[in-house]
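Model the full assembly from the supplied sequences, consistent with the hints where possible.
The primary structure of each chain is shown beneath.
Protein chains: 2
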Amino acid sequence: MERQVDATFGYLSPDDIGLFTDRYELTMLRGYRETEHTPRGTFSLFFRSLPTNRGYVIGAGLEQAIAYLRDLTFGEDQLAHLREEGFPDSFLEYLADFEFTGDVRAVPEGTAVFPNEPLLEVTAPIDQAQLFETLLINQIGFQSLIATKAARMRDTVRRHGDEQTIVDFGSRRAHGTDAGLKAARGAYVGGVDGTSNEAAGNQFDIPVFGTMAHSWVQSFPSERAAFEAFVDVYGEESVLLVDTYDTVAGAKTAVEVARETDVDVRGVRLDSGDLAALSQDVREILPSEMDIFVSSGVDEFFLREFFADGGIADGFGPGTSLTTSKDAPTLDPVYKLVAVEEDGKMQPSMKLSEGKVTYPGGKSVRRFTADGTLQRDVIARTDEDVGGEELLVDVVQDGDLVYEFPTLDEIRERTLATLGKLPADVRAIEDPAEYSVEISDTLTATAERVQSDLRQEMDL
Amino acid sequence: MERQVDATFGYLSPDDIGLFTDRYELTMLRGYRETEHTPRGTFSLFFRSLPTNRGYVIGAGLEQAIAYLRDLTFGEDQLAHLREEGFPDSFLEYLADFEFTGDVRAVPEGTAVFPNEPLLEVTAPIDQAQLFETLLINQIGFQSLIATKAARMRDTVRRHGDEQTIVDFGSRRAHGTDAGLKAARGAYVGGVDGTSNEAAGNQFDIPVFGTMAHSWVQSFPSERAAFEAFVDVYGEESVLLVDTYDTVAGAKTAVEVARETDVDVRGVRLDSGDLAALSQDVREILPSEMDIFVSSGVDEFFLREFFADGGIADGFGPGTSLTTSKDAPTLDPVYKLVAVEEDGKMQPSMKLSEGKVTYPGGKSVRRFTADGTLQRDVIARTDEDVGGEELLVDVVQDGDLVYEFPTLDEIRERTLATLGKLPADVRAIEDPAEYSVEISDTLTATAERVQSDLRQEMDL
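Protein chains in written order, with the numbering used here: chain A, 1 to 460; chain B, 461 to 920.
I should point out that these hints are in silico values taken from the structure, not numbers from a laboratory.
Being a predicted model, the structure only gives us computed values, none of them experimental.
Some hints here could point you the wrong way.
Taking CB as the label site, the calculated pair distances span [claimed, not checked]:
#1 430/A with 533/B: 41 to 51 Å
#2 428/A with 908/B: 45 to 55 Å
#3 858/B with 222/A: 24 to 34 Å
#4 88/A with 549/B: 47 to 57 Å
#5 48/A with 554/B: 48 to 58 Å
#6 535/B with 428/A: 43 to 53 Å
#7 88/A with 858/B: 49 to 59 Å
#8 890/B with 48/A: 25 to 35 Å
Glycine is no exception: its CB is placed at the ideal position from the N, C-alpha and C atoms.
Right, here's the structure in full:
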């Protein structure tokens with residue numbers, strides 16, 4: 001009678017990753033194969049405009065995206081599913097042997113990027129490059145979104161001395177398990193100090209933090225008994241949650257328990273009420289060596305208010321706002337064909353869809369810095385040199401990895417350095433100034449030529 | 461030189477699922493074990509208020525949540541990680557043998573739920589029940605969010621005749637792979653007809669839909685050549701994307717290709733511009749048997765405008781707005797201890813944290829219906845009978861599954877039936893009316909008594 005529930009986990013093994021794609025990618029792949037139309041194509045992954053109140057985006061997620069691209073396979077179960085769905089055997093054989101043999105250029109993780117700048121470009125036979133649209137947007141879009149949100153919080157804390165620890169507490173509110181893991185990684189890239197998610201800590205080697213929940217306190221006959229039991233197990237590592245019944249009374253009890261047990265309890269956590277005011281009251285109660293951690297509704301706007309109201313804390317635990325990027329839950333990235341091989345040469349390509357125009361051709365993004373401050377970027381053709389620092393680096397060539405992935409700590413350092421170089425008004429968390437991104441004259445001329453040719457050909 | 465990239469996928473195998481939890485859950489578990497304090501506890505999963513513009517929430521995700529709860533294990537790699545993090549061997553042995561032996565009651569998927577009503581209650585030794593907080597909130601919270609968003613779109617289409625197909629096109633913008641899969645499932649629960657995500661189709665047996673991208677059109681020398689090649693492979697199944705260069709011209713080309721190839725092409729897709737106006741123009745051009753599918757920016761508000769502006773379509777493909785629930789990307793669900801065993805009896809428990817009060821004790825939710833319309837709910841104690849239909853059913857008892865999961869189609873039918881019973885003003889997509897949820901007199905009295913006892917004990 002008992003039904004097997006394992007099948008309904010909905011998790012993806014490496015064998016399943018090939019199938020994490022939209023049907024139309026497979027439909028097109030089959031079409032490209034059957035019509036023997038597989039010219040090389042260049043696809044560009046970028047976003048068209050910045051989300052609300054964002055002056056910049058921190059690129060993240062490249063390492064996972066490349067792992068998927070290089071190691072993707074279609075398992076037996078997946079091929080059987082596609083057979084049932086009507087895909088012919090010849091196509092399934094092609095998928096069973098699928099291997100990426102193309103090139104990838106990308107902006108290293110931890111770099112600030114702006115509208116229309118490619119985070120990544122894939123050049124490969126069009127069927128190969130097409131398949132990854134869904135997965136690349138999904139992975140790079142999400143981690144970049146979260147890295148950006150985290151950077152805004154880190155930057156707000158930095159403006160007030162940068163003494164506080166920030167820890168991602170948001171796994172429970174992330175959109176599924178992969179989001180919990182990748183938000184922890186993205187947030188670390190963006191400058192937070194750790195995560196509460198144990199699996200993310202394990203997979204990405206991110207420091208893991210945790211205290212106690214209200215349930216711990218409630219489960220004992222009294223708050224005092226709950227604190228004593230915790231200190232008995234965890235000693236100096238103990239951080240006691242003091243707002244279950246009354247924050248100020250709880251803080252006093254925490255201090256008494258520390259004194260009576262003669263343990264240098266690490267600190268307390270506040271999770272409700274007027275946190276700026278309560279933190280000041282609690283600071284008066286605690287000995288100087290005990291820390292205050294603040295959670296509940298933490299985001300960059302909360303932090304700005306908290307400091308403005310004289311709040312005192314040693315650490316913050318943002319949750320939902322961080323892992324869902326609640327005020328702007330998408331970057332809306334796209335992955336567009338910008339060049340197609342014709343007569344053995346890559347020709348710039350574009351669509352003319354209203355409000356969705358894409359600059360044609362593979363891109364070079366050049367960044368100009370003066371006195372340690374970013375001045376402007378120029379988006380150019382790959383075959384022109386407009387000066388400045390090139391943002392895109394070679395990652396995969398002919399299917400082989402040619403890039404040494406930096407460690408997560410190196411990526412995080414890059415983000416922090418980037419924040420230091422971005423003008424303050426571009427980093428503003430509300431109504432930021434617009435960073436200057438120019439289109440090179442040659443690229444502008446190319447776009448005009450391609451458009452005009454298209455309109456002529458299409459008789460528009 | 462080449463670094464192994466497999467380790468950086470960041471996917472979760474069943475062996476990893478145990479570790480998808482917050483550090484503090486493990487900290488508490490260890491504390492409960494070491495202090496030999498493992499009374500039975502009841503945890504209630506609910507949300508405190510409705511997201512913006514929501515008049516109801518459709519519960520979803522129960523089946524996956526229960527699969528995790530029953531089949532969760534800690535693998536060798538996970539235990540090794542915890543050992544490195546300082547957890548003692550005795551605790552690791554406990555985790556290695558972890559098994560859920562408690563009870564779960566829950567609201568069946570596809571049911572409308574309201575603030576403070578438990579979607580699920582877990583009663584088990586407190587250490588066991590505690591562990592699942594992160595995973596249960598993560599899974600049920602997200603799928604319910606998406607089912608609700610989808611229901612709002614289905615309901616908007618229903619108000620205009622309900623003739624249109626709605627397909628989830630949003631995998632690429634979902635927050636990671638699990639979100640892509642679970643959004644597809646949640647959206648189907650909420651009343652859409654299918655998904656573009658092939659893996660979701662495979663895992664959950666959801667119909668999969670797909671057409672072509674602009675890249676297909678761009679990759680050929682002309683739009684006409686692209687359409688001809690596609691029709692050559694897909695015949696009557698072909699849906700041609702007509703807005704790459706000019707929507708009206710593209711539609712005319714699609715009709716010509718259908719005529720010249722003598723194939724009953726299924727239809728066209730519009731993906732940019734003034735979609736309501738263009739759909740009318742395109743309808744004039746197409747023969748009646750060819751369908752119009754509309755994508756780009758589709759959500760319930762778009763649909764309302766589209767119909768108001770006289771738009772004509774046979775199907776819609778919502779993307780980002782659906783899979784991120786963009787206007788309200790979290791339900792903010794919580795999982796709170798509401799009862800603890802004391803002297804062999806379950807005693808109601810609550811915290812007093814400002815603005816975060818929880819009604820104590822396990823709950824019964826009773827629904828009253830008259831003339832096929834939902835009238836009101838009453839949240840009561842489990843030991844009282846206030847009449848009405850009980851929403852929570854037994855799902856797991858003593859660790860054994862005692863519930864037959866409905867099929868996904870049955871769940872979807874339940875949602876559609878629920879929508880039919882909800883008052884129209886509660887279903888409004890903007891400023892909905894508040895559905896009446898009462899707290900029973902006995903539960904109110906219990907809450908007052910527990911609060912007063914707590915304040916007295918704590919000397920507040």
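Here's how the hints hold up against the structure:
Evaluation of the 41 to 51 Å hint for residue 430/A and residue 533/B yields a pass: the beta carbon distance comes to about 46 Å. Remark: the range hint 45 to 55 Å for residue 428/A to residue 908/B is upheld by a beta-carbon distance near 48 Å. At about 31 Å, the beta-carbon gap between residue 858/B and residue 222/A stays in the expected band of 24 to 34 Å. Checked against the hint of 47 to 57 Å, the C-beta distance between residue 88/A and residue 549/B comes to roughly 55 Å, which is consistent with it.
Take residue 48/A and residue 554/B: their Cβ atoms lie about 52 Å apart, and the range 48 to 58 Å holds. Taking 43 to 53 Å as the suggested C-beta distance range, the pair residue 535/B and residue 428/A conforms, at roughly 45 Å. Residue 88/A and residue 858/B have their C-beta atoms about 50 Å apart, which keeps the hinted 49 to 59 Å range intact. Taken as a hint, the range 25 to 35 Å holds for the pair residue 890/B and residue 48/A, whose Cβ atoms sit roughly 27 Å apart.
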